[in-house]
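**Student:** Each chain, letter by letter, is given below.
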Amino acid sequence: MDKSMKILIVDDFSTMRRIIKNLLRELGFNNTVEADDGDSALPVLKAGGIDFLITDWNMPNMPGIELLKHVRADPATRDLPVLMLTAEASREQIVQAAEAGVNGYVIKPFTAQTLEQKISKIFERLAMAS
Amino acid sequence: MAVPTEDWQVAREDLSRITAELRDTLATLRVSAQLAGLVKTDLTDAQSQLGQVLELTEQAAHDTLTAVESSLPLARGIGEQIGEFRMQAADALARDERLVTLLDGIEGAAETVKIHLGEVLMAQGFQDITGQIVRRVAGLVEELEQCLSAHGCDIDEAERQLRQEAREAHGQGPVRPDANRRDVVSGQQDVDDLLSGLGI
Chain F
1 MDKSMKILIV DDFSTMRRII KNLLRELGFN NTVEADDGDS ALPVLKAGGI
51 DFLITDWNMP NMPGIELLKH VRADPATRDL PVLMLTAEAS REQIVQAAEA
101 GVNGYVIKPF TAQTLEQKIS KIFERLAMAS
Chain D
1 MAVPTEDWQV AREDLSRITA ELRDTLATLR VSAQLAGLVK TDLTDAQSQL
51 GQVLELTEQA AHDTLTAVES SLPLARGIGE QIGEFRMQAA DALARDERLV
101 TLLDGIEGAA ETVKIHLGEV LMAQGFQDIT GQIVRRVAGL VEELEQCLSA
151 HGCDIDEAER QLRQEAREAH GQGPVRPDAN RRDVVSGQQD VDDLLSGLGI
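Those sequence lines, one after another, are chains F and D. For the first sequence, the positions run 1 to 130 when the working numbering is used. For the second sequence, the positions run 1 to 200 when the working numbering is used.
Just chain F, with the same shape it has in the complex (with noise of 0.2 angstroms):
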């Protein structure tokens, strides 16, 4: 897994994405970006660069499904990594996600553990398939 790797955080609270910010410097990743929603998430990611991006769901404006769903369908973004990281606990949800290409879901409250693990795993899986 490459540290070095630009990962996009996309989250309404302004806290949360500090906190996820100071998590993945933690774990060495320091290259971040943030948006607060999906709409200002999406010219970020035209423009390029993005290695991994970890979303929320629930945004005002454009949530992280519609998000996920845009990113699926654009040729240049379609096998970025994502990451949706949400207190949304719904099974049909989470299925909802699955169907719509996630990588991986952390559910909040996380830990920091849970987050390096999810990440872990996420590109174990990108390295054996490819």
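Bear in mind the hints are in silico, worked out from the structure with no lab data behind them. In this text the structure is predicted, and so the values were computed from the model without any measurement. Treat the hints loosely; a few may be bogus.
No more than 27 angstroms apart at the CA atoms, straight line, and that leaves these computed lysine-lysine pairs for DSS-like [what the hints assert, rightly or not]: (1) F/Lys121 - D/Lys40; (2) F/Lys69 - F/Lys21; (3) F/Lys108 - F/Lys121; (4) F/Lys108 - D/Lys114; (5) F/Lys21 - F/Lys121; (6) F/Lys6 - F/Lys108; (7) F/Lys121 - F/Lys3; (8) F/Lys21 - D/Lys114; (9) F/Lys121 - F/Lys6; (10) F/Lys121 - F/Lys69; (11) F/Lys21 - F/Lys46; (12) F/Lys3 - F/Lys46; (13) F/Lys21 - F/Lys6; (14) D/Lys114 - F/Lys3; (15) D/Lys114 - F/Lys6.
Facing chain D, from chain F, some residues (calculated, C-beta under 10 angstroms) [to be verified]: (16) Arg18; (17) Phe29; (18) Thr32; (19) Glu34; (20) Val44; (21) Lys46; (22) Gly48; (23) Thr86; (24) Ala97; (25) Pro109; (26) Ala112; (27) Ser120.
Label pairs and their calculated CB-CB ranges [as the list claims (entries may be wrong)]: (28) F/Ser4 - D/Glu165: 25 to 31 angstroms; (29) F/Lys121 - D/Glu159: 41 to 47 angstroms; (30) D/Asp42 - F/Gly49: 49 to 55 angstroms; (31) F/Thr114 - D/Arg182: 19 to 25 angstroms; (32) F/Leu27 - D/Gln34: 53 to 59 angstroms; (33) F/Glu99 - D/Arg135: 47 to 53 angstroms; (34) F/Thr114 - D/Gln49: 52 to 58 angstroms; (35) D/Glu157 - F/Ala73: 33 to 39 angstroms; (36) F/Gln96 - D/Gln88: 55 to 61 angstroms; (37) F/Glu124 - D/Asp42: 24 to 30 angstroms; (38) F/Glu124 - D/Cys147: 34 to 40 angstroms; (39) F/Ala129 - D/Leu99: 49 to 55 angstroms.
All C-beta atoms in this analysis are idealised placements derived from N, C-alpha and C, irrespective of residue type, glycine included.
Chain F is fixed; fit chain D onto it per the hints.
**Tutor:** Showing chain D alone in chain F's frame:
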């Protein structure tokens, strides 16, 4: 001339019916006046107070995060400096066991502080969860205010359904832990089991 008993009876019944209606009407008027007051001041206040809760908790969480961000590198720095010192002062340390014990103590304390700072960092996630709940309640208060306003509740069932669907498209927000609910997961393990069943 004597009034027939039956007529008295009818008149008495009429009077008691009118009295009851008047009493009900007066009670309704009083409730309406109270509701108008509730809409005009209390519900608007409730909305701004919920907004205040959001602002205050967000600011407090940010202040805490600022303190954590400033302290974490210090705690990490202490550990690094101890390591550096061990190399520089290897001779002195070899001569004096007490110095080694002292350094081990400082190093252990710095590590413990780092772990606790990590816990403080994670705990600030409360602002996201409570914030989502507060926003949802603020939305309900807004709807209630509209229903109780001068126009009355003119949202029909179809409109309510549309609003509900629009809200749910953005997510349902945090759920209260309830072991009896089968439609929601109970935690990360449950999510992992569900996803691994789907090949993720």
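**Student:** Against the earlier hints, flag every one the structure doesn't satisfy and list their numbers going up.
**Tutor:** The structure conflicts with hints 1, 17, 18, 19, 20, 21, 22, 27, 28, 33, 34, 37 and 38, although it agrees with all the remaining ones.
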